[in-house]
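Colleague: This is what each chain is made of:
There are 4 protein chains.
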Amino acid sequence: MTERSNDIAHLGHVEVLTDRYDESLAFFTNVYGLSLSAEDATSAYLRAWDDYEFATLKLTRHATTGVGHIAYRAASPEALARRVAAVEASGFPVIGWTDGDLGHGPAFRFADPFGHTFEIYYETNWYEPQQEAERAALKNTASAYRGVAPRRLDHVNLLADDVAEFRRFMETTLGSRVTEMIALDNGRIGGCWFTVNNKTYDLACTEEHGRGHGRLHHVTYATDQREDILRAADIFLQNGVHIETGPHKHAIQGTFFLYVWEPAGNRVELANAGARLILAPDWEPVVWTETERRKGQAWGLKTIDTFHTHGTPPAPKDH
Amino acid sequence: MTERSNDIAHLGHVEVLTDRYDESLAFFTNVYGLSLSAEDATSAYLRAWDDYEFATLKLTRHATTGVGHIAYRAASPEALARRVAAVEASGFPVIGWTDGDLGHGPAFRFADPFGHTFEIYYETNWYEPQQEAERAALKNTASAYRGVAPRRLDHVNLLADDVAEFRRFMETTLGSRVTEMIALDNGRIGGCWFTVNNKTYDLACTEEHGRGHGRLHHVTYATDQREDILRAADIFLQNGVHIETGPHKHAIQGTFFLYVWEPAGNRVELANAGARLILAPDWEPVVWTETERRKGQAWGLKTIDTFHTHGTPPAPKDH
Amino acid sequence: MTERSNDIAHLGHVEVLTDRYDESLAFFTNVYGLSLSAEDATSAYLRAWDDYEFATLKLTRHATTGVGHIAYRAASPEALARRVAAVEASGFPVIGWTDGDLGHGPAFRFADPFGHTFEIYYETNWYEPQQEAERAALKNTASAYRGVAPRRLDHVNLLADDVAEFRRFMETTLGSRVTEMIALDNGRIGGCWFTVNNKTYDLACTEEHGRGHGRLHHVTYATDQREDILRAADIFLQNGVHIETGPHKHAIQGTFFLYVWEPAGNRVELANAGARLILAPDWEPVVWTETERRKGQAWGLKTIDTFHTHGTPPAPKDH
Amino acid sequence: MTERSNDIAHLGHVEVLTDRYDESLAFFTNVYGLSLSAEDATSAYLRAWDDYEFATLKLTRHATTGVGHIAYRAASPEALARRVAAVEASGFPVIGWTDGDLGHGPAFRFADPFGHTFEIYYETNWYEPQQEAERAALKNTASAYRGVAPRRLDHVNLLADDVAEFRRFMETTLGSRVTEMIALDNGRIGGCWFTVNNKTYDLACTEEHGRGHGRLHHVTYATDQREDILRAADIFLQNGVHIETGPHKHAIQGTFFLYVWEPAGNRVELANAGARLILAPDWEPVVWTETERRKGQAWGLKTIDTFHTHGTPPAPKDH
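Protein chains in written order, with full-length UniProt numbering: chain B, 1 to 319; chain U, 1 to 319; chain G, 1 to 319; chain S, 1 to 319.
Quick caveat, the hints were computed from the structure, so don't treat them as lab data.
Among the clues, some could well be false.
It does not matter which identical chain is meant; a pair holds if it fits inside one copy or across any two.
As the list claims (entries may be wrong) - Derived pair list, reagent style DMTMM-like, types lysine to aspartate or glutamate, alpha-carbon separation capped at 25 Å: (1) Lys302 to Glu128; (2) Lys302 to Asp282; (3) Lys302 to Glu290; (4) Lys295 to Glu244; (5) Lys295 to Glu132; (6) Lys139 to Glu123; (7) Lys139 to Glu290.
Construct the entire structure; sequences and hints are all you get.
Modeller: In structure tokens form, the structure reads like this:
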């Protein structure tokens with residue numbers, strides 16, 4: 001067994017694109033429960049109440065919906081340098097350094113072969129309450145507790161037409177580990193769940209054939225309890241948000257989930273993994289077959305059709 | 001900032017001593033909900049339903065109650081070798097290699113200055129269901145789900161009369177990080193919470209003065225939801241188990257907790273941390289003052305007196 | 001407004017028929033979590049941990065599955081006499097008095113036009129623990145708390161081919177009130193939810209056309225919390241029980257539900273209504289249209305086909 | 001057994017007095033989560049999101065804190081007439097008819113011997129959403145679901161220096177039943193829990209000796225789940241609200257509770273009774289002895305001192 005790399009600390013933030021900026025921003029702040037850290041001409045910088053960084057979701061005005069870039073934070077300046085070298089040696093397309101953004105310092109950008117832009121950075125701005133009302137009552141939480149709001153960024157799910165190649169991309173550039181995967185009868189990988197730390201996954205990639213390039217499946221924030229998700233279902237219902245599927249429990253990863261579409265059509269999830277962590281340093285991927293998948297989710301719910309087709313931006317054929 | 005070591009993967013198991021073996025074993029299996037993996041002349045080897053290793057709690061017949069040893073699993077054979085070298089160079093007392101035990105391979109033993117024995121190992125036996133009824137319905141969980149049982153080992157809390165020195169011990173030998181701590185007005189450290197991974201803590205050490213040596217404060221298993229702990233409170237009540245304090249929420253670490261005493265008197269806890277993880281690679285310890293501690297727990301519960309005095313084995317003056 | 005009758009106190013027990021007695025009994029005691037109060041040559045008498053009566057579910061060996069009889073307890077001997085007079089005056093078929101059964105005294109039996117037998121009684125045997133282990137730790141609960149078990153009988157759902165007539169039956173014989181109902185576009189009543197007290201419903205009747213006579217749709221027990229139902233889903237999954245649909249929230253009545261089939265095929269539900277009660281003495285039925293029903297359940301789940309077809313005993317055409 | 005009266009349907013509303021009106025109103029609307037139905041020169045009319053009546057809490061500007069009056073809704077005009085006759089025949093002080101109030105019609109007022117004013121009424125204004133945002137997504141709930149808000153009025157707790165006499169008052173005037181009570185070693189009744197329907201209690205009375213007259217112990221709203229109360233604890237903590245005791249489980253009635261003081265000092269509770277109801281028409285009061293009370297609450301929490309002394313308005317000796 002080669003030793004596992006620990007150069008990447010965690011998923012840092014995700015840039016989500018919207019062609020209905022005002023409605024999307026209202027959803028993420030008023031209904032989904034994220035806080036606005038800052039806003040500039042093109043984007044809103046948002047975070048969950050216990051995210052320690054300035055922003056974990058960057059919502060950007062754009063001609064389409066979808067994902068702008070996915071950012072991971074390195075474990076140290078030295079770790080960042082090691083990862084940059086690994087990316088440059090990987091042969092995957094390098095975009096190069098940016099000066100950073102509101103909330104974090106210099107970032108090194110690169111891309112997967114499927115149209116997704118990634119960046120890695122180390123310097124970051126820890127969130128500082130701007131007013132008393134935002135200050136946490138308990139000094140070990142990042143900001144004021146809010147009952148209807150998710151706690152922290154959890155993971156992002158991307159689409160690609162060759163998950164095996166995407167796996168090579170994640171292992172080579174970020175040193176991610178695969179914790180679970182779907183082995184299709186045709187020998188291909190239907191989906192792959194990755195992590196860089198003890199989380200059960202921080203990024204998932206599922207297969208789509210020629211429907212699009214660089215598409216987003218969903219972005220997810222974590223709640224403390226399953227009850228928070230049951231409550232959120234009533235809040236989404238009350239606010240006329242399209243509930244796609246759930247609440248229910250995934251067979252893969254055992255995550256309790258609820259999927260909705262924000263006004264612009266991007267899929268967002270609320271999830272709770274309970275006490276599940278991947279602690280074993282020598283964890284081997286759990287492999288699911290098509291036969292097992294046909295049983296539906298953990299408690300028998302059939303996966304809804306749109307879950308296999310809807311991504312953002314919409315595929316040309318969806319128009 | 002020196003780079004964080006990732007040589008130690010996680011807390012592996014804790015050996016708990018009992019002078020009422022039969023009653024303790026009945027409690028841990030019938031009420032607390034652990035499963036018996038094996039039993040020999042001196043000990044019972046127990047695990048929670050989703051612990052991946054053969055055993056996470058070793059219950060041993062002894063003249064007293066208390067803790068036998070605390071075991072951490074290394075991230076790889078190379079990491080184990082690095083840690084052994086670090087321990088040998090640390091000057092802390094070395095006990096040396098053992099052939100291992102039911103459930104794991106060779107372990108390197110050493111001690112802190114406060115009477116606690118530690119060991120680190122890499123080779124382990126992954127739990128394998130011995131009969132169909134033990135097999136999990138979902139292949140990504142270790143064994144059959146049981147509704148009244150905790151999910152996995154969470155942490156252990158030890159007592160020492162010099163927490164600053166114990167901190168040096170943990171940082172030097174295991175490369176642990178401090179996530180939260182209590183700074184007493186007299187300049188001493190009242191308590192320290194340590195982690196080797198993304199868990200908020202896997203070991204805590206609190207100060208006691210001359211009451212004993214090598215004493216245990218408590219051992220804790222994690223539940224998936226806070227509701228599991230509220231339910232457990234009714235189960236403990238129904239079974240006549242001494243409920244010491246809780247359910248309530250700790251200010252430090254924000255853990256939802258319930259403390260009971262198993263029949264022999266060892267304190268055991270059920271805890272739920274929600275979605276809280278320490279993801280920041282540059283996390284700085286949260287420091288709590290005595291003034292802040294006087295406010296009691298998160299929701300105002302005054303800490304019960306026995307929590308400051310009861311440890312196992314009982315202090316001489318307790319007899 | 002005519003004054004509401006309060007002669008009937010509550011749904012007392014339901015007799016469920018099984019052609020796989022041993023497997024059904026094992027399910028209700030080991031998995032569903034009911035306690036066995038007594039057993040005779042033909043039946044098992046079961047109750048939930050906080051049902052105050054000797055039995056709330058009578059499981060009877062039979063050539064088919066289905067429902068034997070539905071029993072309501074009167075509020076007093078005088079109220080029982082008033083109800084008997086009302087039934088005799090109603091024109092609905094009278095079966096007459098029985099000497100009672102294990103658990104209760106004399107019962108007056110009658111039938112609806114759709115093959116279901118009802119009985120009303122007043123004298124009942126309050127449950128008395130037979131051994132210490134069954135005694136509740138809290139004197140205001142009926143028996144020992146059990147974490148994986150439902151708390152009390154909640155309601156029964158019957159099938160009939162004329163719900164309007166069944167409504168007349170319930171209002172005339174038991175003085176039940178309708179709290180919610182489905183008005184079909186064809187002018188018929190698709191379903192009706194009844195109560196005799198402050199529960200939102202204790203009996204529901206849904207329409208089926210010529211599939212059978214005297215059929216049962218399901219029997220339901222109540223849990224204290226929604227979390228109990230999420231946990232039960234994992235327990236059913238672990239025990240290979242057929243989960244038909246849920247957990248999810250009904251739009252009608254807002255009940256959080258989970259439906260499974262016990263080994264003989266009878267549908268049983270676990271439900272939680274939260275704090276919802278019908279307190280208004282002048283409550284008017286909430287009427288749902290077919291258009292509203294097409295939106296599915298509260299959070300959008302489409303009602304599964306078998307929910308509209310599966311009843312017990314199976315309809316001839318199902319063979 | 002005399003037949004139980006069902007003339008009174010349920011507890012309708014409670015008038016709470018405050019000498020810090022603005023702060024109290026901000027607490028009840030912004031933190032506790034009630035909605036403002038109307039406001040006039042002296043009072044604010046508030047309701048929980050699923051209360052069907054126009055108002056269940058009337059918050060009134062006053063020279064002191066405490067309770068203004070307690071109102072019960074009759075089951076019908078005829079039932080109201082019967083109750084008025086019963087009150088007039090009872091010998092307890094009659095105040096007479098009022099024209100009613102915002103939200104309800106004519107009310108008949110009378111008093112207990114301990115300084116509390118009661119009223120009974122039948123005509124009431126059902127809550128009608130004034131704007132779309134207040135309309136419930138589900139037509140069987142009274143108004144828009146709000147995640148951090150209690151669901152409905154649950155009960156009120158009064159103080160009196162002769163609980164036995166207060167019991168006679170409740171049984172004679174309202175036909176209430178006692179479900180649980182505390183029998184003191186000195187032969188007196190320490191506390192009594194009453195209900196007029198299937199709720200386990202809608203009014204409690206506890207003994208105090210000469211500390212005051214017509215005092216309020218607390219007013220309580222019900223939540224759907226225990227998790228709502230755990231969440232509320234964090235919300236109260238975040239908002240600097242004084243948390244007096246809880247969350248924990250009462251031994252008496254088994255209610256899961258959390259007590260806080262609103263800014264003016266009135267004690268308000270959030271409670272969850274799970275699926276517990278009093279369905280038995282012949283339920284006998286559960287009697288608790290002082291010895292049993294000394295064990296503390298269900299899970300061992302010692303009752304906090306202020307719970308035995310703090311009432312509103314404050315007793316003279318408290319100044």
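Colleague: Look at each hint and say if it fits the structure.
Modeller: Hint check:
1. Lys302 to Glu128: Neither, since 44 Å and 30 Å both go past 25 Å.
2. Lys302 to Asp282: The answer is neither: 32 Å in one copy and 41 Å across copies each exceed 25 Å.
3. Lys302 to Glu290: Both: 13 Å inside a copy, 24 Å across copies.
4. Lys295 to Glu244: So lysine 295 and glutamate 244 pass the 25 Å test inside a copy (19 Å) and across (12 Å) alike.
5. Lys295 to Glu132: between (50 Å within a copy, 20 Å between copies)
6. Lys139 to Glu123: Answer is within; shortest intra-copy Cα gap is 22 Å, inter-copy 39 Å.
7. Lys139 to Glu290: between (47 Å within a copy, 14 Å between copies)
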